[in-house]
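Fit chain B to the supplied structure of chain A, relying on the hints for placement.
There are 2 protein chains.
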Amino acid sequence: MDHTLLDPAGTEPRPPRAAATPAHLAAVLAATREFLGERLTENRAVREQHGRGEDTTTPTLPDAVAFAESTGEVSRLLALCHAHGVPVTAFGAGTSLEGHVNPVRGGISLDLSRMNRILEVNQEDMDCLIEPGVTRHQLNDHLRDQGLFFPVDPGSHCTIGGMCATRASGTNAVRYGTIRENVLGLEVVLADGRVINTGGRVRKAANGYDLTHLMIGSEGTLGIVTKVRLRLHGIPEATSAAVCQFPTLRAAVETVITTMQSGIPVARIELLDEVQVAACIRYSKLEGLAELPTLFFEFHGSENGVAEQARAVEAIALEAGGNGFAWATDAETRNRLWTARHNAYWAAIASQPNSRGVTTDVCVPISRLAEALLGAKAEIEASGLSAPMVGHVGDGNFHTVILVDQDDPDALERAWALDRKIVARGLAVGGTCSGEHGIGLGKREFLEQEHGPEALAVMRSLKAALDPKGILNPGKMFRN
Amino acid sequence: MDHTLLDPAGTEPRPPRAAATPAHLAAVLAATREFLGERLTENRAVREQHGRGEDTTTPTLPDAVAFAESTGEVSRLLALCHAHGVPVTAFGAGTSLEGHVNPVRGGISLDLSRMNRILEVNQEDMDCLIEPGVTRHQLNDHLRDQGLFFPVDPGSHCTIGGMCATRASGTNAVRYGTIRENVLGLEVVLADGRVINTGGRVRKAANGYDLTHLMIGSEGTLGIVTKVRLRLHGIPEATSAAVCQFPTLRAAVETVITTMQSGIPVARIELLDEVQVAACIRYSKLEGLAELPTLFFEFHGSENGVAEQARAVEAIALEAGGNGFAWATDAETRNRLWTARHNAYWAAIASQPNSRGVTTDVCVPISRLAEALLGAKAEIEASGLSAPMVGHVGDGNFHTVILVDQDDPDALERAWALDRKIVARGLAVGGTCSGEHGIGLGKREFLEQEHGPEALAVMRSLKAALDPKGILNPGKMFRN
Numbered sequence: 001m002d003h004t005l006l007d008p009a010g011t012e013p014r015p016p017r018a019a020a021t022p023a024h025l026a027a028v029l030a031a032t033r034e035f036l037g038e039r040l041t042e043n044r045a046v047r048e049q050h051g052r053g054e055d056t057t058t059p060t061l062p063d064a065v066a067f068a069e070s071t072g073e074v075s076r077l078l079a080l081c082h083a084h085g086v087p088v089t090a091f092g093a094g095t096s097l098e099g100h101v102n103p104v105r106g107g108i109s110l111d112l113s114r115m116n117r118i119l120e121v122n123q124e125d126m127d128c129l130i131e132p133g134v135t136r137h138q139l140n141d142h143l144r145d146q147g148l149f150f151p152v153d154p155g156s157h158c159t160i161g162g163m164c165a166t167r168a169s170g171t172n173a174v175r176y177g178t179i180r181e182n183v184l185g186l187e188v189v190l191a192d193g194r195v196i197n198t199g200g201r202v203r204k205a206a207n208g209y210d211l212t213h214l215m216i217g218s219e220g221t222l223g224i225v226t227k228v229r230l231r232l233h234g235i236p237e238a239t240s241a242a243v244c245q246f247p248t249l250r251a252a253v254e255t256v257i258t259t260m261q262s263g264i265p266v267a268r269i270e271l272l273d274e275v276q277v278a279a280c281i282r283y284s285k286l287e288g289l290a291e292l293p294t295l296f297f298e299f300h301g302s303e304n305g306v307a308e309q310a311r312a313v314e315a316i317a318l319e320a321g322g323n324g325f326a327w328a329t330d331a332e333t334r335n336r337l338w339t340a341r342h343n344a345y346w347a348a349i350a351s352q353p354n355s356r357g358v359t360t361d362v363c364v365p366i367s368r369l370a371e372a373l374l375g376a377k378a379e380i381e382a383s384g385l386s387a388p389m390v391g392h393v394g395d396g397n398f399h400t401v402i403l404v405d406q407d408d409p410d411a412l413e414r415a416w417a418l419d420r421k422i423v424a425r426g427l428a429v430g431g432t433c434s435g436e437h438g439i440g441l442g443k444r445e446f447l448e449q450e451h452g453p454e455a456l457a458v459m460r461s462l463k464a465a466l467d468p469k470g471i472l473n474p475g476k477m478f479r480n
Numbered sequence: 001m002d003h004t005l006l007d008p009a010g011t012e013p014r015p016p017r018a019a020a021t022p023a024h025l026a027a028v029l030a031a032t033r034e035f036l037g038e039r040l041t042e043n044r045a046v047r048e049q050h051g052r053g054e055d056t057t058t059p060t061l062p063d064a065v066a067f068a069e070s071t072g073e074v075s076r077l078l079a080l081c082h083a084h085g086v087p088v089t090a091f092g093a094g095t096s097l098e099g100h101v102n103p104v105r106g107g108i109s110l111d112l113s114r115m116n117r118i119l120e121v122n123q124e125d126m127d128c129l130i131e132p133g134v135t136r137h138q139l140n141d142h143l144r145d146q147g148l149f150f151p152v153d154p155g156s157h158c159t160i161g162g163m164c165a166t167r168a169s170g171t172n173a174v175r176y177g178t179i180r181e182n183v184l185g186l187e188v189v190l191a192d193g194r195v196i197n198t199g200g201r202v203r204k205a206a207n208g209y210d211l212t213h214l215m216i217g218s219e220g221t222l223g224i225v226t227k228v229r230l231r232l233h234g235i236p237e238a239t240s241a242a243v244c245q246f247p248t249l250r251a252a253v254e255t256v257i258t259t260m261q262s263g264i265p266v267a268r269i270e271l272l273d274e275v276q277v278a279a280c281i282r283y284s285k286l287e288g289l290a291e292l293p294t295l296f297f298e299f300h301g302s303e304n305g306v307a308e309q310a311r312a313v314e315a316i317a318l319e320a321g322g323n324g325f326a327w328a329t330d331a332e333t334r335n336r337l338w339t340a341r342h343n344a345y346w347a348a349i350a351s352q353p354n355s356r357g358v359t360t361d362v363c364v365p366i367s368r369l370a371e372a373l374l375g376a377k378a379e380i381e382a383s384g385l386s387a388p389m390v391g392h393v394g395d396g397n398f399h400t401v402i403l404v405d406q407d408d409p410d411a412l413e414r415a416w417a418l419d420r421k422i423v424a425r426g427l428a429v430g431g432t433c434s435g436e437h438g439i440g441l442g443k444r445e446f447l448e449q450e451h452g453p454e455a456l457a458v459m460r461s462l463k464a465a466l467d468p469k470g471i472l473n474p475g476k477m478f479r480n
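As you go down the protein sequences, you meet chains A and B in turn. Mapping of the first sequence onto UniProt numbering: residues 1 to 480, in sequence order. Mapping of the second sequence onto UniProt numbering: residues 1 to 480, in sequence order.
Just chain A, same shape as in the assembly:
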């Protein structure tokens, strides 16, 4: 066994560190330029654009940025980087919130955004094959005429490759599942340039180790996704949306819990606290809402089914003290509502000048949601920081966007301290530090707390098996 894989105690394999010398880097750049030409660049402005995502980490400049346009190019680049020990950090739309795309050990930022072709749509099997740089907006625009949609919808204009990397979800996950349930198969380039296909076109299979799910959520540390086969869904016959405001956050949360426990198949059930509602009213010009805790609902199904679901939820909401149940049946009103919801992060950021956001992403069992969410609210109030709350509460998942002045390092420290308290409360009730944003740099300290040293050692041994030189997104997920 290679002893560089052992920790100081000599007992557990650790993810190795890539260590590129200037000579190795130069060799990779020279060889890569031969097939990428000007799509390999050391231009400083481009490198700065690839220094971090939408997060609060300190940007790192990659040594170069490579814009790949095919699986073959990704494979050749990785084989070179593997041979020379040069780090490779994949980059899609740069919307990560946990530092995933920050190339902390330099090397190549591998930009996949130009691999954005929709290769197949199979209407009769409701699946499609796409390249990783396709965004969810691009895909849904393409699908609309065929009566199909792809339901996984993080708030950002992210790429689907990035969504696979972070095991993303969004507002529809309560009904349609996350990206984990909506990927049928992947094409992945391994660290050494080999190309594998995982999964397939079938809806279920008992045919060997589940490499698809091993790759989903591995944050670019085990391989680079170069094609994605997605499961699609039929646009429902009927859709309706509703908004209900509540006198207290507790009343809103109790409505969520009762709705979920009643087994009503809501398509979306989203919570905004009064701070977030105020930010959305200003940012998205939402009319007719008071600055109160609010739930947004959406129902999918047949005309009768939608009406039946909505009436059941209305009764629960009113029983919990909701201030009426405002219907949004026309598509325009619905779209304005959900666009406002998707822009909640930007509304939060805009609500305080010169801000960036430290985002918490706790997810808990639904029975513990009130405790976790109201506990988080109490921690925010005690901290004196501004932190709007918003959540995919049907899944037990909620976010706080802790606003920090970009020029105040103390504010960032205080934000991280608050983040730790909120996460600790989530973990204490059987939750996770990340429902959908991933680990990256920002949540590494929680990973071992959550899984324990033995499971973490298994993750490290998988990393060592698939990326023995540690070139893929080094420094992420694991602290050392």
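Don't read these hints as lab results, they were simulated from the structure. As the structure is a computational prediction, the values presented were derived from the model and not from experiment. Note that the Cβ used here is the ideal one computed from N, Cα and C, for glycine as well. Be aware that one or more of the hints could be misleading.
A few chain A residues that face chain B, going by a derived Cβ cut-off under 7 Å, partial list only [unchecked claim]:
1. Leu-214
2. Gly-234
3. Asn-304
4. Arg-334
5. Cys-363
6. Ile-366
7. Asp-395
8. Glu-450
9. Met-459
In silico lysine to aspartate or glutamate, EDC-like type, Cα no more than 20 Å apart, as pairs [stated by the list, open to error]:
10. Lys-421(A) with Glu-448(A)
11. Lys-227(A) with Glu-454(B)
12. Lys-285(B) with Glu-274(B)
13. Lys-421(B) with Asp-410(B)
14. Lys-227(B) with Glu-454(A)
15. Lys-285(A) with Glu-274(A)
What follows is chain B alone, placed relative to chain A:
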């Protein structure tokens, strides 16, 4: 790197082989007897009971059978076997159809059927924590009073640990997913005795590598599952069932395809060909059915929703040429129907004297179902063998039970030849060799065809990382 992990060409890690000497085996047995006492046995009758599952492989006697009653016992046993290089093959209810429980390299058969406690049921979060020896019948009997059920239902009285190992599904998968979608987390004992917890109680998480899904479907080759946290579902408000018979197999298959493509959320849609129907009529005393291709349906939802779904499917079936749509609204008729469906395998076996079954398990994209299924039927007819067909056709999955006289080795060869033809047709249309039964011994030759050498090499490297001595169910999944 340990060179025993390299293949002859020296390029790919291969799953190593356990090689227990008599002295090592004796050492393990002596040390295990200290904590298992009489629950470790070398009794020949018990060993014979653990020689194979419900398959056609040649039984192998394990050197001993260990009946574990706790995670601690499994951990101590595996640590010993790891230290001494003694193979361990897990055994649940012995219902595997692909030779998974056949201890082909001897060693210990680890019987987990006594670890059958239901440890927690959380009604409000709709989850439970169980030991691996709990059967699905036992769990559903326990849950019924709480308004909950566990939907994954292979035909056999299998254990849930075994279902995790083989990535099982069943008749409800078309609506509720397979075991893959219904496990929230696992406790797993690794090859060297370390115990890990994967997943958790939350419905979604982006918190590191997905070890839960790596273990599900790994067939006891990566670890031994000692606890399972399952997702449960509310018993639907209304349920109704129906039966429709068709003049041709094609008409039945076309009804399935149109139903699925219409997005109707059927809970179950099962096909039996005329040979299987005849077998079920005799075995389960089903009345009122002709010996014709038949679909069984079940609908779950609200009273209105169920009626709406059923009417939509009825129209599709009649349009395709179905001979009427017989309703089974009372629970007793429904239960008789589904019990007959679950006993289809036994009905097939009973339809020919002195038989065992070689079972195919092809699963294809729904658009290719007619081609794959009718092609399989043509192969059966050309072979002259008897092979009733039955299928979870909503998922594109169907089985043929190729009947072989137990005392006729030539019949077994002919059955395997037919199996290969049916699988080849499935693979040719983008399908898999196994929708739900797993690879075991019986489908190993197809694994590389299906995934290609690179993906198979990745699977092998994961095996080598987690079970470096190759003690866990050696000889399964991989051919060498």
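Consistency of the hints with the structure:
Hint on Leu-214(A) holds. Least Cβ distance to chain B is approximately 6 Å, under the 7 Å limit. The closest approach between the C-beta of Gly-234(A) and any C-beta of chain B is roughly 4 Å, which is under the 7 Å cut-off, so the hint is satisfied. Hint on Asn-304(A) holds. Least Cβ distance to chain B is approximately 6 Å, under the 7 Å limit. Interface hint status for Arg-334(A): violated, as the beta-carbon distance to the closest one in chain B is roughly 20 Å, over 7 Å.
Against a cut-off of 7 Å between C-beta atoms, the interface hint on Cys-363(A) holds, since the closest Cβ of chain B lies about 5 Å away. Using the Cβ-Cβ criterion of 7 Å, the hint placing Ile-366(A) at the interface with chain B is satisfied: the shortest such distance is roughly 6 Å. Satisfaction of the interface hint for Asp-395(A) is found here, the shortest Cβ-Cβ separation to chain B being roughly 5 Å, below the 7 Å cut-off. With 7 Å as the threshold, the beta carbon of Glu-450(A) comes within range of chain B, its nearest partner Cβ sitting at about 6 Å, so the hint holds.
Proximity of Met-459(A) to chain B holds as hinted, the smallest CB-CB distance being about 5 Å (cut-off 7 Å). Proximity of Lys-421(A) to Glu-448(A) is assessed by CA-CA distance (about 16 Å); at most 20 Å being required, the pair is judged to hold. Of the pairs offered as hints, the one joining Lys-227(A) and Glu-454(B) holds, with about 16 Å between alpha carbons and a cut-off of 20 Å not exceeded. At roughly 15 Å between alpha-carbon atoms, Lys-285(B) and Glu-274(B) fall within 20 Å of each other, so this suggested pair holds.
For the hint linking Lys-421(B) to Asp-410(B), the alpha-carbon distance of about 17 Å falls within 20 Å, and the restraint holds. Only pairs whose Cα atoms come within 20 Å are accepted, and Lys-227(B) paired with Glu-454(A) is accepted, the gap being roughly 16 Å. A hinted pair counts as satisfied when its Cα atoms are at most 20 Å apart, and Lys-285(A) with Glu-274(A) qualifies at roughly 15 Å.
The structure does not agree with numbered hint 4 stated previously, though it agrees with all others.
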